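Q: Top line first, the protein sequences correspond to chains A and B.
At position 102 of the first sequence the residue is numbered 102 (the UniProt record's numbering), and the sequence of numbers has no breaks.
At position 297 of the second sequence the residue is numbered 297 (the UniProt record's numbering), and the sequence of numbers has no breaks.
To be clear, the hints were calculated from the coordinates, so they are not data collected in a lab.
This structure is a prediction, so every number in the text was calculated from the model and none was measured.
Some clues are possibly wrong.
Claimed, not checked - Partial list, computed: chain A residues near chain B (C-beta under 7 Å):
1. F69
2. P71
3. A75
4. G76
5. Q84
6. Q87
7. G91
8. I100
9. G101
10. F103
11. L104
12. S107
13. E153
14. K155
In this text, a Cβ means the ideal position worked out from N, Cα and C, and glycines have one as well.
Spelled out from the first residue to the last, the chains are:
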Amino acid sequence: MLLEARGITKAFGSFKAVDDASVTLEQGDILGLIGPNGAGKSTFFNCLTGDLKATSGRVLFEGRDITDFTPEQRAGLGLARTFQVPQTFEGMTVLENVMIGAFLRTSHRKEAETKARAVLERVGMSRLADAPARSLGTPGRKRLEIARALATEPKVLLLDEAMAGLNAHEVRLAIDLVRDIHRSGITLVIVEHIMEVIMSLASRVMVFHQGKEIARGSPREVTSNPAVIEAYLGKRAAKAAAGHTPVELMGGPDL
Amino acid sequence: MRRWIWLSVVAVFAIAYPLLLSSPFQQRLGALVLLYAIAASAWNIVGGYAGQVSVGHVVFFGCGAYAAMGSYAKFGLSPLFGIPGGIVIAVGLAAIIGVPTLRLSGHYFSMATIAVAETMRLIVTNTDWLGAAVGLSGPTVPRNIFDLSFLSSLPYYYLFLFVLVITLFITWWMTNSRMGFYLRAIKDSERAARSLGAPASRTKLYAYMLSAALTSVAGALYAMMFGFVDPESGLGILISVKILIMAALGGAGLLFGPLVGAAILVPLEEISNSWLGGKGAGLTFVVYGAIIVLIARFQPGGLLSLFTQRRKSKSDTESKSDTGAGHAP
Chain A
1 MLLEARGITK AFGSFKAVDD ASVTLEQGDI LGLIGPNGAG KSTFFNCLTG
51 DLKATSGRVL FEGRDITDFT PEQRAGLGLA RTFQVPQTFE GMTVLENVMI
101 GAFLRTSHRK EAETKARAVL ERVGMSRLAD APARSLGTPG RKRLEIARAL
151 ATEPKVLLLD EAMAGLNAHE VRLAIDLVRD IHRSGITLVI VEHIMEVIMS
201 LASRVMVFHQ GKEIARGSPR EVTSNPAVIE AYLGKRAAKA AAGHTPVELM
251 GGPDL
Chain B
1 MRRWIWLSVV AVFAIAYPLL LSSPFQQRLG ALVLLYAIAA SAWNIVGGYA
51 GQVSVGHVVF FGCGAYAAMG SYAKFGLSPL FGIPGGIVIA VGLAAIIGVP
101 TLRLSGHYFS MATIAVAETM RLIVTNTDWL GAAVGLSGPT VPRNIFDLSF
151 LSSLPYYYLF LFVLVITLFI TWWMTNSRMG FYLRAIKDSE RAARSLGAPA
201 SRTKLYAYML SAALTSVAGA LYAMMFGFVD PESGLGILIS VKILIMAALG
251 GAGLLFGPLV GAAILVPLEE ISNSWLGGKG AGLTFVVYGA IIVLIARFQP
301 GGLLSLFTQR RKSKSDTESK SDTGAGHAP
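With the rest of the complex left out, here is chain A (with noise of 0.2 Å):
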């Protein structure tokens, strides 16, 4: 087991954002977590980042019990993130920003210089190297999320709506990279809006709503699951929809 957590829940006063989740990552996996808006996964994934402190329940890595570890220290451990909306290091060059994450594992300012530009190379933006970061747009920023993140040699990658705000073509691009990271033996956990990069990308999938897992299996199970159908698109149309497949309904693929 590479990942565990248990019985997270992640309460802002009465409110429980997450109610009681749990969810286990072997190596290899892709995770996906869905669900509407506001469904807690966003939370969820931030209580196992460490960026959000879980009000109870228990987060472990290899099998150590890591809940109350920093978010530094967890991604020293082998625990990387991408942000839903780009931390890009404004000031720094796209090769600048890179180095930040090489940092981890080394001291050297040549050697992180130099795997930050292996990095680079691997996720096709080695041309932009010398760019300030600022003068990228959206997709730019988000590949250089994961080229960040890919610098720190992670074990476990977690994507937060690495595709939102990308057109078709680059939706694709983005797809090709994930596979490609997948490949090399790095596990992922992708909270994604997107059906078809679900559909396409993920072995095991789990739907949130109103702060609880309300499904989870493969990513045809799931979008055929009358209760997610339920939770997307309410009761009505959930009777409605009964004759199509949920996966039109979800909004793909017809990218």
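Model the placement of chain B on the given structure of chain A, informed by the hints.
A: Only chain B this time, still in chain A's reference frame:
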């Protein structure tokens, strides 16, 4: 290449200045510029690179000043011996102040540092052992060269120049190390930096401690040159503000920003003081206030950023054509 030419021009000028402009007033002015440049460069490490705007840096300045004068007044030693002591106290104090306050963001950190500085000033003002409101004096007549008590400003000028070069070298070395990269990253997005493994609190604390150590050296040098320290000259909030404005005016987060700021502000202050005499004492505050407003309004990156901006906008347009070429994830 151009950078090296500029650097050598500045270096030659700095070395030749007191010989070319050799009146006592000019030499003293030069020494003061360098002294404040040291303090502002030290502040720059935490205020500029780490983006933690400390308004209480005079505390560390005071540590150095009091340690230097104290080593003479209390132990009969050369003020020089006070420098290591001042550094130790300043670094220890920085750790005590930094651990709780560096968690605070933005203005809250600044306010906390002001509170600490003012508290220290009041404590020292009421501590007889530290001379209370009268302060401590250095040797009136130098016993030997190690008392570093000179009538002319010339020896101070070269001493300060030497220390400034060391300070700038340390800063430059830091910005090229992992710590410097982490600081810049934390300044832009602490959350992202931490997610990539940068220990934000610890890195900021180290920067704060390094900055405190160098500021205390500046304080010790100041006290040696003037031969005394009292709560106002060693722990007054105005010194903090001066240091901060110099760095901000020249360019916070830029290696030579504080030097440029000091080279503009110190002469301005000295000249206005000598023109207006005692009447102008309050005017300094007005000028500082005006400068803060002007920097914030027109050039938040400081004067030196005018140059880097031009360079960057050039490379921006170059890379735009790259990004525009259908690059996408």
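Q: Could you run down the list of hints and mark each one as holding or not?
A: Going through the hints against the structure:
no., hint, result
1, F69, "11 Å, violated"
2, P71, "4 Å, holds"
3, A75, "4 Å, holds"
4, G76, "5 Å, holds"
5, Q84, "12 Å, violated"
6, Q87, "3 Å, holds"
7, G91, "6 Å, holds"
8, I100, "5 Å, holds"
9, G101, "5 Å, holds"
10, F103, "5 Å, holds"
11, L104, "4 Å, holds"
12, S107, "5 Å, holds"
13, E153, "10 Å, violated"
14, K155, "13 Å, violated"
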